[in-house]
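Using the hints, position chains G and F against chain Z.
Given next are the chains, with one letter for each unit.
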Amino acid sequence: MTSTGLNEDMTTTPEASWTHIALERRSRSYWRVIFDHPPVNTITATTVMELSELVELIERATELNVIVFDSANPDFFLAHYDVESDPMKTAALPAGPTGMPAWLDLTARLSRAPVVSIASIRGRARGAGSEFVLACDLRFASRERAVLGQFEVGAGFIPGGGPMARLSRLVGRGRALEILLVADDFDGLRAEQYGDVNRAIADDRLDTEIEEIAARLAQFDHDAIARTKSYVDHVTLPPDDELPAALTDFRQSFGRPGPLARLAKLEELGLNVDSDLERRLGARVVEATPQVAS
Amino acid sequence: MTSTGLNEDMTTTPEASWTHIALERRSRSYWRVIFDHPPVNTITATTVMELSELVELIERATELNVIVFDSANPDFFLAHYDVESDPMKTAALPAGPTGMPAWLDLTARLSRAPVVSIASIRGRARGAGSEFVLACDLRFASRERAVLGQFEVGAGFIPGGGPMARLSRLVGRGRALEILLVADDFDGLRAEQYGDVNRAIADDRLDTEIEEIAARLAQFDHDAIARTKSYVDHVTLPPDDELPAALTDFRQSFGRPGPLARLAKLEELGLNVDSDLERRLGARVVEATPQVAS
Amino acid sequence: MTSTGLNEDMTTTPEASWTHIALERRSRSYWRVIFDHPPVNTITATTVMELSELVELIERATELNVIVFDSANPDFFLAHYDVESDPMKTAALPAGPTGMPAWLDLTARLSRAPVVSIASIRGRARGAGSEFVLACDLRFASRERAVLGQFEVGAGFIPGGGPMARLSRLVGRGRALEILLVADDFDGLRAEQYGDVNRAIADDRLDTEIEEIAARLAQFDHDAIARTKSYVDHVTLPPDDELPAALTDFRQSFGRPGPLARLAKLEELGLNVDSDLERRLGARVVEATPQVAS
Numbered sequence: 001m002t003s004t005g006l007n008e009d010m011t012t013t014p015e016a017s018w019t020h021i022a023l024e025r026r027s028r029s030y031w032r033v034i035f036d037h038p039p040v041n042t043i044t045a046t047t048v049m050e051l052s053e054l055v056e057l058i059e060r061a062t063e064l065n066v067i068v069f070d071s072a073n074p075d076f077f078l079a080h081y082d083v084e085s086d087p088m089k090t091a092a093l094p095a096g097p098t099g100m101p102a103w104l105d106l107t108a109r110l111s112r113a114p115v116v117s118i119a120s121i122r123g124r125a126r127g128a129g130s131e132f133v134l135a136c137d138l139r140f141a142s143r144e145r146a147v148l149g150q151f152e153v154g155a156g157f158i159p160g161g162g163p164m165a166r167l168s169r170l171v172g173r174g175r176a177l178e179i180l181l182v183a184d185d186f187d188g189l190r191a192e193q194y195g196d197v198n199r200a201i202a203d204d205r206l207d208t209e210i211e212e213i214a215a216r217l218a219q220f221d222h223d224a225i226a227r228t229k230s231y232v233d234h235v236t237l238p239p240d241d242e243l244p245a246a247l248t249d250f251r252q253s254f255g256r257p258g259p260l261a262r263l264a265k266l267e268e269l270g271l272n273v274d275s276d277l278e279r280r281l282g283a284r285v286v287e288a289t290p291q292v293a294s
Numbered sequence: 295m296t297s298t299g300l301n302e303d304m305t306t307t308p309e310a311s312w313t314h315i316a317l318e319r320r321s322r323s324y325w326r327v328i329f330d331h332p333p334v335n336t337i338t339a340t341t342v343m344e345l346s347e348l349v350e351l352i353e354r355a356t357e358l359n360v361i362v363f364d365s366a367n368p369d370f371f372l373a374h375y376d377v378e379s380d381p382m383k384t385a386a387l388p389a390g391p392t393g394m395p396a397w398l399d400l401t402a403r404l405s406r407a408p409v410v411s412i413a414s415i416r417g418r419a420r421g422a423g424s425e426f427v428l429a430c431d432l433r434f435a436s437r438e439r440a441v442l443g444q445f446e447v448g449a450g451f452i453p454g455g456g457p458m459a460r461l462s463r464l465v466g467r468g469r470a471l472e473i474l475l476v477a478d479d480f481d482g483l484r485a486e487q488y489g490d491v492n493r494a495i496a497d498d499r500l501d502t503e504i505e506e507i508a509a510r511l512a513q514f515d516h517d518a519i520a521r522t523k524s525y526v527d528h529v530t531l532p533p534d535d536e537l538p539a540a541l542t543d544f545r546q547s548f549g550r551p552g553p554l555a556r557l558a559k560l561e562e563l564g565l566n567v568d569s570d571l572e573r574r575l576g577a578r579v580v581e582a583t584p585q586v587a588s
Numbered sequence: 589m590t591s592t593g594l595n596e597d598m599t600t601t602p603e604a605s606w607t608h609i610a611l612e613r614r615s616r617s618y619w620r621v622i623f624d625h626p627p628v629n630t631i632t633a634t635t636v637m638e639l640s641e642l643v644e645l646i647e648r649a650t651e652l653n654v655i656v657f658d659s660a661n662p663d664f665f666l667a668h669y670d671v672e673s674d675p676m677k678t679a680a681l682p683a684g685p686t687g688m689p690a691w692l693d694l695t696a697r698l699s700r701a702p703v704v705s706i707a708s709i710r711g712r713a714r715g716a717g718s719e720f721v722l723a724c725d726l727r728f729a730s731r732e733r734a735v736l737g738q739f740e741v742g743a744g745f746i747p748g749g750g751p752m753a754r755l756s757r758l759v760g761r762g763r764a765l766e767i768l769l770v771a772d773d774f775d776g777l778r779a780e781q782y783g784d785v786n787r788a789i790a791d792d793r794l795d796t797e798i799e800e801i802a803a804r805l806a807q808f809d810h811d812a813i814a815r816t817k818s819y820v821d822h823v824t825l826p827p828d829d830e831l832p833a834a835l836t837d838f839r840q841s842f843g844r845p846g847p848l849a850r851l852a853k854l855e856e857l858g859l860n861v862d863s864d865l866e867r868r869l870g871a872r873v874v875e876a877t878p879q880v881a882s
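Chains as they are written, first to last, in my numbering: chain Z, 1 to 294; chain G, 295 to 588; chain F, 589 to 882.
Keep in mind the hints are simulated off the structure, nothing from the lab.
Note that the structure is predicted; figures quoted are calculated from it, not measured.
Covered, in the sense of this in silico footprint (three residues per stretch, anywhere, with C-beta under 8 Å from a C-beta of chain Z), are these stretches of chain G:
{"id": "1", "region": "431 to 440"}
{"id": "2", "region": "458 to 468"}
{"id": "3", "region": "489 to 496"}
{"id": "4", "region": "509 to 523"}
{"id": "5", "region": "528 to 537"}
Yeah, the Cβ is synthetic: ideal placement off N, Cα and C, and Gly gets one too.
Just chain Z, same shape as in the assembly (with noise of 0.2 Å):
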């Protein structure tokens, strides 16, 4: 994976045992990570635990600049969580150094690492996905092929890694509460609108223009990028103690016969392969109504 050397004395890093995440470093000031868990990059308990190792190297690594994060398939950067009929299997993780719930707590630390974090984003990031780039430092979109969306509502849970948090701050109430609530896709051009992403790139000009933008970072200061960055942060990060009660309620959906109905209809649908509902989620999603009598 790598052919630079500075792997040599590190065969006995964690990354040797991942199999949903790939580390690449280019070099000490600039690494990437290729999201690989075939067929559509759902996260698991499996993926949660990988990222909480990357957050850590990545908090040790102290001449690191920037980290690129993309997608080994083109049609899913990262579809959502998958609680692999056992929600029990994610809430036994660890908590993490923040004290907070693993995916609350590497999240949370990917944001505050002094380090530029960056989502290339082509395919879908939706649910957990969608939380996952929210707290990267930058996102950019391919103009043809990103699709973004909190979906949880569509399926009766709320959405428990930090959507309202984020979002609300990013894209303002309006357009926080229309992701969240209606629950539907959007594209890359619809992002950059809203200020979801930074902005939304031409598919075919995406890489070459995140290169362009590693590169330059991986040249700069180090100090300079992360004293700057901490001072935006103060401004712009959500408070830690405001992320785990949503999460709560999350977990609690599992409890609510309505929420696990829409799931198990889901599930029926397609959810979790590489199938027509995965790919149309946002508009496939309100199959998951149960049919009343009126």
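Below, chains G and F without anything else, positioned relative to chain Z:
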């Protein structure tokens, strides 16, 4: 107004006596309200009373998911406030459950209600009309026919119903100051660009798109909507105690000769009726400026 | 400079001695300021002193409604700060009435003044030049000729005059981090898209449109402007005590070898004069990066 039978046992509800707004219950989860106060949908003490009663109905409707506001007059959504030559008439309205004066009370409660409120803006929404749409959760503007504005400063008044609190958080300092201080009209595309509305929609598509959004929301789990919205409220709503000071300033303007002279001049030119002044109020509000010997 | 006679009794006002800025009193309610410090409108200790005096004049002008800032040089609005090879020269300027160092003091007071300040941005406004326009209330950018940027991080410095505080609130976390950390130039259209300026205006329309806005504001009731602005200030301005820490960081950069070496290289390449480096500083700031053996 309804053919669903839902209102059968509601013949004594307040809405039977309303004269400025009409309520249409499409279903238990989806209502529509039509503003219909000829000639230009000004907001008066009567409108405020009826809207206060509406907000109480909304708060009691435990299955309601979505409420859409539109206008019977395609040229005027809600013109602006009309004190009917007697500012005391409005000031005498009883305070609401929040303890705030009626207009602040009902708009703050609408924003916090566990329901998605949608403003379908066709025609002019200025002054208190703009304040009302800012209190709604989602705003969609007709690309060709929406006109928004806070003209008050041009008439010598301080906007009193919360736009400094709401616009500042929605569109940022620079654009909020422009809307409030330059006090000119702006159209749907500018409103979209500034983030004042979610987006502008071609006029011949506006009703269809809002109907699709409302029908979608009507099918969703009520608790998921209510809980998710509450987290966004926590981050984005102004605290109630930020609101009353500007309303006091607005009312005190009626004791100052400058604003009174400007208001008298605007009334002479056609304020509150369907006139060229009302149609082009942003441009013509400068005619309220007293001519001084220089 | 004025033919209105308004300055007749003002021959002893500070502006007579100014050499970097010129004040034109169009009327009691409307002033214009022209930046004119060849060759590229750098900001030096002298500029800071003159702007401090200007802000004091603004605060005393009880009938002033609007002040427009533009540049005598269509290629450079305000290049950026120039410490004139002596950082102490600026640090020695007396603190202002807020207790903050002069640059923070005058920009914070300009933002709070009961007057609408408008930046008419034609040419480059980088570093402290960008900080100055961010302290103005309204910003309009020439579509063809405006260039904005915070290049400091590219040169190894922490921006010290408030852009982390002001940009974060104006354009949101993602775009603020991009502007500050990627540290590249951006044009008027990008500034409009990101919300950094109110809007971009075709260069041949810029002067006319700003003149129309200023003339309009000049006619309005001063108290209505002042009171309305104060409520927006309350929501949108950073607290003064958020500002000094980053300025301390900026100053400490001059004691670190990395930033000093980058700055020396930029000076060698043409910083502070009308050079290709100054014209394309966003692209060329990477040339400040020391070459290291890899």
